[in-house]
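> Chain residues, written in single-letter form:
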Amino acid sequence: MSARRSTAAMLLTLAVASAALAGCSQKKDDKASSDAVKVNATDTACEVSKTTFPAGHVVLDIANKGSKTTEVYVYAEGDKIVTERENIGPGTKASITAEIKAGSYEIACKPGMVGDGIRQKVTVTGGEGSAAAADPRLTAAVGAYRTYAQEQADATIPAVEAFAAAVRGGDVEKAKSLFAPSRTGWERTEPVAEGFGDVDPKTDTREDGLEPGQEWTGWHRLEKSLWADAKIGDEEKKLADQLVADLKDWQKKIPEAEITATGMANGAKELLDEVATGKVTGEEDRYSHTDLADFAANVEGAKKAYELLKPVAAEKDAELAKTLDAEFTALEGLLAKYKQADASYTSYDKVTEAERKTFSDAVNALAEPLSKLAAAVSPK
Amino acid sequence: MDAEQEQQDTASAAAGSGTAQDAAQAVASDVAGVGGGGFSRRAVIGWAGAGVALGAAGVGSVAAATRQDDPAPGAPAAVGGDVPFYGEHQSGIATPVQDRLHFAAFDVSASATRESLARMLKEWTRAAAAMTGGREVGSGAASGLPEAPPDDTGEALGLPASRLTLTIGFGPTLFDKDGTDRFGLKAKRPEALIDLPRFKGDNLDPQRSGGDLCVQACADDPQVAVHAIRNLARIGMGTVNIRWSQLGFGKTSSTTPDAQTPRNMMGFKDGTRNIAGSDTARLARDVWVAPGEGPEWMTGGSYLVARRIRMHVETWDRTSLKEQEDVFGRTKGEGAAYGRTREHDDPDLAAMPADAHVRLAHPDSNGGRMILRRGFSFTDGTDGLGRLDAGLFFLAYQRDSRTGFVPLQQRLAASDALNEYIQHVGSAHFACPAGIRKPGEWWGQALFG
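Going down the list, the sequences are from chains A and B. Under our numbering, the first residue of the first sequence carries the number 1, and numbering increases by one thereafter. Under our numbering, the first residue of the second sequence carries the number 381, and numbering increases by one thereafter.
Each hint should be verified, as a subset may be incorrect.
DEER-style ranges, computed between Cβ atoms [stated by the list, open to error]:
(1) B/Ser745 to A/Lys357: 39 to 45 Å
(2) B/Gly518 to A/Glu77: 36 to 42 Å
(3) B/Glu571 to A/Pro311: 39 to 45 Å
Hints listed in this document are in silico derivations from the structure and should not be mistaken for laboratory results. Ideal placement from N, C-alpha and C gives every residue a C-beta, glycine not left out.
Chain A with its partners taken away, still in its complex shape:
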């Protein structure tokens, strides 16, 4: 998955998720559009009916009065996407609902769906929003997941420093052996990691995911040097240092990550989607063929999110929890068959087409019911 697109997807998920947590579906009817923030989008303007509104359940009623298809974003500081709606055709209306905390935001209209958009600063006032309405077990799950994400980031730093040290030392074989382990923590919490829109493109972009003019840095750039070119030069040494620096930046940001229960659930599903689209095909680690290591980490991260949400999910949808337990076990069992004595996984180029099909089926068997987890932990 392209880093940038998945970032937007994740944050959208988080925003929708928080709305769901607050029980927006019940409020929708009685809290009619009189409270809504009206957004008048044209080809040259982005008019907002009020620039200050209270925190909590926010409805944006958008009217595209321009001639181009537009999209509307709500950005938090640092251009973190709080919510968005794409493809609003000329002459049409759209409505976005989101749970927004107090703070400073920008609403952006993007006529033609390109560029940074026409922006309007808004202030959201007040206290806690309505997160207080959430099930305390879910609040606890979110807290525990944040702790998990932090632990994973903290554990990644020494692993990636060891990898970088091998690169700096010019030891190709050692660097190769440390490549996959340096990615584990990241892969386990990828949706959170991708939530920081500026980190992911620097660390985890594949060659085909580069935008025109984008400098290629990060793990996959080094992977290509180590496996395809089998050499380490000055440039690689510099890239290794940069990777460490970028990941330390990520580590520092975890406390500010927006995490919600439904966001965790959808994040778990997204981890499996990553496997389904990138790893099962062998695209992710095309030079090192360490795809199964990433694959396993994605599954572990998804499992963690699920386990934390399970007490609530099982209460609401026991059959779903049963299915998820069984499918996680099946997929873990399948992966275990490919785990070597030294804890590394079989090189993916040694995995036959028929075996890949088996993996693909197992991933679908888990990801499809996992897509229902968010609904099972959202108060309806």
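Assemble chain B onto chain A, guided by the hints.
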């Protein structure tokens, strides 16, 4: 109820669409006089183009007369209607052939159990009843919880039912896979559900062959057919997974008594002689499994053989017209059998080369045996050598494949002149049970129950 009326009612039930019924009634008065000859005139209505399939032969003179005398009723109105899902037999077999096909073969997952499989089949049945009725699956494509993915994938929103039919079949491996009785069904495997023998010239790709289950989706709109398979595959994830699937086209006038038989990818009219969906006598003789024939759960069902037949169109296209016509035993322009002038003139088999396709495939060369064909042309782009990956996706229904498809194909494989230009690259065999008679019943109930 007299025999004619009974036949007509059954035909209506089988055909489903009001237009087909009207068409049948429109010619009913003609039928009485000529119907005794083994196939009714009504048989031709709605079935004129039914066989794109190989293995076809000319149609009798009775049918030819019908075609010339009867103007085509306004059949296009049938497009968009819905075919009843409930009935004595599964729809999609005797139903007049739709324009498009999406056929999918599934394998049951290693982790699935008899119970989970039965549960899925119940869900499939509910979804199939909804989709064939032009309705959405579950809570639909655009309702339900905003934070959850919709139940229906949505690409058929706003489209009519398009005469969608969904037909299920159970493959040999569901009952016995390498000697393992995975779901306790081994004792219920019909003897007729054989492992098909290897035929001379077969070059079967295992990834386009076999399957524990199959679903045949036929519709007049390809998007509707694809939507149906996609939703069933999604519902089935974790219990079954798609082993292979095939898209088909090439039915352009199947419900109209059109004078033209659709041409296959070789440019020939083929499949003019087929079992009509309204010909209850012939269906009973050659298509539907009778009580006491094999296990009870197959009574009223039928056996389906699917063959992916690749055509070497490039070499065919540089073959002389004379050889092309010799291969089929028909003229290319009119489609008349050798020695005859009209497409539907009764063929004189002796006038054709001994290895002509029509001669070998004709019921007269096969002890009068017939199979019901509803094959489709396919074109899956090009292969790695730049050759068009095209041909015929052959689908045949019969009462017993051991006396239906197998001897016919053995004969064709041995000496058909067409073999130089075609190759069988995929193969599968399925037992399709009787229809779902009323809401609440489910696909496989008699088998699993």
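> Each of the hints needs a verdict: does it hold here or not?
Against the structure, the hints:
no. : hint                             : result
1   : B/Ser745 to A/Lys357: 39 to 45 Å : holds (42 Å)
2   : B/Gly518 to A/Glu77: 36 to 42 Å  : holds (40 Å)
3   : B/Glu571 to A/Pro311: 39 to 45 Å : violated (52 Å)
Checked against the numbered hints above, the structure breaks only hint 3 and satisfies the rest.
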